[in-house]
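As given, the protein sequences belong to chains A and B, one line each in that order.
Positions 1 to 336 (the numbering used here) are the ones given, in order, by the first sequence.
Positions 337 to 668 (the numbering used here) are the ones given, in order, by the second sequence.
It is worth saying that the hints were derived from the structure and are not from the lab.
Do not take every clue at face value.
Said to hold, decoys possible - Computed, partial: chain B to chain A, Cβ under 7 angstroms:
(1) Ile401
(2) Glu404
(3) Phe408
(4) Ile409
(5) Ala454
(6) Ile535
(7) Gly541
(8) Ser542
(9) Ala594
(10) Pro598
(11) His605
(12) Leu637
(13) Pro639
(14) Gly641
Glycine included, every Cβ here is placed at the ideal spot set by N, Cα and C.
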Amino acid sequence: MPLRTAPLPRMAGHLSFMRSNRAKAEELQPGTLAVIGVPLESSESIMSGARFSPLAIRETSVYFGWYANPQFSNPTDVNARDAIDKSSINERLFDLGDVPVVGLARSEADEHITHTIEKVFARGATSVVLGGDNTIVAPIARGITHGIGNGKTVAFIQIGGRMPGTTCAKSESRSSSVPLDALLIDGNIKLADTTILAPVGHPTAEFAQEMTDSGAKIISSRQLNDMDSDAITDLAFTLSNRELPVIVNLDLSSVAAELHGMSDRPTFDGMSMELLQQVLVAIGRAPIVTLIVTGLYPTTNGLSIVKTGQRLIVTALLGYIRARLGLFNVPDSDTN
Amino acid sequence: MLNYPKMNSVVPSLFDAPHGLPADVQPGVLGVVGMPSDWTHTSRVGARFGPHALRLATTEMTKAISGEQTEFIDPASKEILLRNCDQWIVDCGDSEIFPNCVEETTEAIASMTRAITAGGGIPLSLGGDHYNGFPACLGYSRGLTDRDPDRKFGYIQVDGHLDFTDRLGAWGTHNHATNGRRISEFSNILQANMVWIGISGWVDGSELELIESRGGKVFSSGDVHRLGISKVTELAIEHATRGCESLYVSLCIDAMDAGYLPGTGSIVHSGITPRQYCQMLDVMAQAPIDGLDIVEVCPPLDPSGRTQRIAGHLLTRILRNYMFSVEGDAAS
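If we strip away everything but chain B, and leave its shape as in the complex, we get (with noise of 0.2 angstroms):
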């Protein structure tokens, strides 16, 4: 009897997990939630269309390792790969977005991330504008102080922009320049411990002294040229898990170079290359987040497609301890 592949989901899910409910995601199991909305962001919109696109991308890429075969090799490290045949992800689907409250959008998806956080799985949300990287923060912080009361968290932020503003002009205290700002008052968050990557041109100076001041580290698109990705990354993470078990990680695509990723609200010319974010989060893989989203990916703004595609790449190389384990030593 031929061996048929198996059929896609009507609705596509990222790396094409299994679908279920945030309460049912398992301790240690990736929950994933999407966040359909861009109507808290200022200018360039279309990331609404953000999750479906990043869970076709992904899931094109699942078939690549999918089948039989099990063990693979990742050709930048040059490592033997096996393939985790255990349920690793699960895809709780989109949350419900009000686009005319802000304040009901919040609370929705910050009920998925909890639920997963609280019953010990991880979230991964996906954006929407970087104002949905608040509410998926908010609901994760939560669940772990329904978990733990007494438990903390650092933050690592990857963007073209601090996100740090108070008040954005017309549209007040919560949109994709505020979120940075809104997460940084959780009570469960460490100030000190809040690091940002890959900032790029002017910035408002009041803004970043707060966070120095508070012990927080920017590190801008220049360092990272300065200083190499792989040792900022370093740096960013040491800092960010002092004198705490949990790391929270928002990853907005728009810290890459429009150049290369075209596909965002915001775009920068930041100099970051995928090679570059790439190597980020080979190093990033190794830390111990709980929490992370991806934020920013806007298909209508990328005719190409490219920016969806480099941004799953961008989570296989995140999500690679999920994916797969390492087997010995390097291959030859």
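Just chain A, with the same shape it has in the complex (with noise of 0.2 angstroms):
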């Protein structure tokens, strides 16, 4: 049965992203987007309060929950004039809740990611990733490698988020803190199926030829906004028409600074909201496995009142989580 957030004042009831239907993962359909939280952070930040950000972005995502709320009948993107097709998201948008990390010993809570993960896949389902900081991508990974077993790998899109410093040639220098380092340390990826957006900071012209090498991409921030949308939708279904599972690392790093403050890498050139959800939109038509949202801190000082950043990964999440479930009222939307 479909929760609602009417007649029930919004911060009532049972928290759930987006007041979406609690499930298990063994309970997952295939076609389903599984919603999960993983509130880990290590100490590779200057910050701290990542493992806060589940909670504190399924709290903001109440106010978007109205989708199931009969007297909002006809949920319309007031931009594009576009109404969305709310009729299946029920059956279709789950949130399993957070993964049991607290307490544990890193090994052991990235053992249990790694197995949520695992299972979620092999449902058939997808899944949005809450955490944490980006720590957690590389037992998210495993647990999809996991899945399709035979030592195969995946491919990786990284928006916003640290780089590595240094080559693949010398991987004693490589750090577990980084995504794609640890993707590469895992043996999980290989450097030509990966593409990165909207990336912090400068890569080291030696890394950035080695990524052009090997057929990989480097897409700024400003390259992505003369891009359209169907390009940017290629790059996701170039990499996935290569068979492999296709796992996308966004970073609050990659949104302008200006309009959050919440990220621990702020950037001021980094994408406007509406880039964002562009390019969000464009990605989740092609069969991404995973989405796994990093970088928020909500206990920032002072900003942990205003929750800008949560409502600005809840927003750019709305197109995704459209785009993913096909409920755009076009004919040629992917649904994997």
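Reassemble the complex: the two chains are provided individually, in unrelated frames, and hints are given to aid placement.
Below, the structure is given as structure tokens:
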């Protein structure tokens, strides 16, 4: 039975992402989208509090839970004047809750994350993982590679976040706290199957050259701004066409810091909210197996009240969820 | 003898205005009404502290243009501005608020804006959550009728949200999601002259359809970015003033992107910047506005305090022609 926001006050009732129904991994059907919290952070950042991000995002997401409210019978994207087909959302969007990682040793926590993702993948469902900092990317990727077996790798799209400071050849210098490094250490991706969008900071010339030589791509926020959505979608489809599961890490640092101030790596040349949503909608049309949200620090002094970061993330995710579940009223949407 | 500055009032007023009663506001003068109520907000409260914060912020701004100097330059337009030394604003204080009774609060606010409007003054109401825009406009509507039973008015709502719901769950028919709908039911409003600017994200399509089927217009934040804020504002004013001489403007600060202005209850990421909002108000300042409100300033949600300062600055833009007159051509 679908949950609804009315007549309950928004903050009352059972908390779940966008007031979606709760489910266990074993209950998921192919084509469903599972939201999973991973309240875990390491000490790699100078800030703390990313572990509170899943709760913060869910609390903010209830503002948008009215898609299930009979009084808002016809949700519409006001910019595009595009009606949202919500007829199946209650049967296709589920909140699995948080992976139980609190109080565990890191290795044990990583095992729980890997196991959970593997179970979801095995059900043919896709997921949105609410981190956490970006050290959760590696155990999530392991869950997918365990699921596909035979030593296969995944394709990786990183939006924002840190880049390796060195080249793949210098493996001893890699840091497990940099997602791409960690995935390479694990052997779960090949550099050629990687795309980095709106990265933070400057890649070393050596690393950028190695990316280019391997066929991988680094695309800045300015370049993204000049691309149309079909070209961005093609990036994701190019990776998925290699018959590799595509995982995406969206780090809040990809968005211009003046719009939120809640990332541990503020950048003033990042994406606008509108551009991020365009990117997520474009990527969401490809068969992405998991989108991992990291880099939100909701306890940032003062901004913990303001909540701009989590509002931004949730607003951007609306576009992704619509695209992923095929809720657009267009004939060519891919629903996996 | 030293020329000591004027002491600050114990009770701050908007733009350090003199205090007065609604019935004493002279024709053409702004009458300020505080609406310190957020009991009709459905989530993050605190806007009841908005009127006080706006008064403090604008009093601080007024200090910079008070004293013996009367000539200033608008840094945006380079125009030479002469300070209006006549009385252009009176602060009538706060309305009575009845936290447990929306009807009494509504009538209390409306009685103040009605008295101001009936006397030819221009009500400027300070929220409070956006529900209070309804009683503020209700009193304006009644006051217009008192002056001229046949007078009609147009309406522009700058907002991140439509506020056009008929009923909202546990809050019923009178809350900050229904004020636009309730205002549309006044007998002397021209429904076809109702315009929204800055709407963001997901809205209810049937509400959008109803507004437009009645002839109203909705400019989304996307329209603002595509057409330009000045063009959108010109189109909005043209639409809202067709066939009528009166215009009510409701300024909800949450139309602005939350990154710039976070101290408001229902934040959106519209991409509308403070500069765009100011440009819009520069255009609106030329419109025949005879009633307005500014709502959803929520100081507890912005520890930096910039929200009330930005909101105060917005008031200086839309009230520029009250505060100043422009001298000659643009300065070099």
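Hint check:
no.	hint	result
1	Ile401	violated, 28 angstroms
2	Glu404	violated, 38 angstroms
3	Phe408	violated, 29 angstroms
4	Ile409	violated, 28 angstroms
5	Ala454	violated, 37 angstroms
6	Ile535	holds, 5 angstroms
7	Gly541	holds, 3 angstroms
8	Ser542	holds, 5 angstroms
9	Ala594	holds, 5 angstroms
10	Pro598	holds, 4 angstroms
11	His605	holds, 4 angstroms
12	Leu637	holds, 6 angstroms
13	Pro639	holds, 4 angstroms
14	Gly641	violated, 10 angstroms
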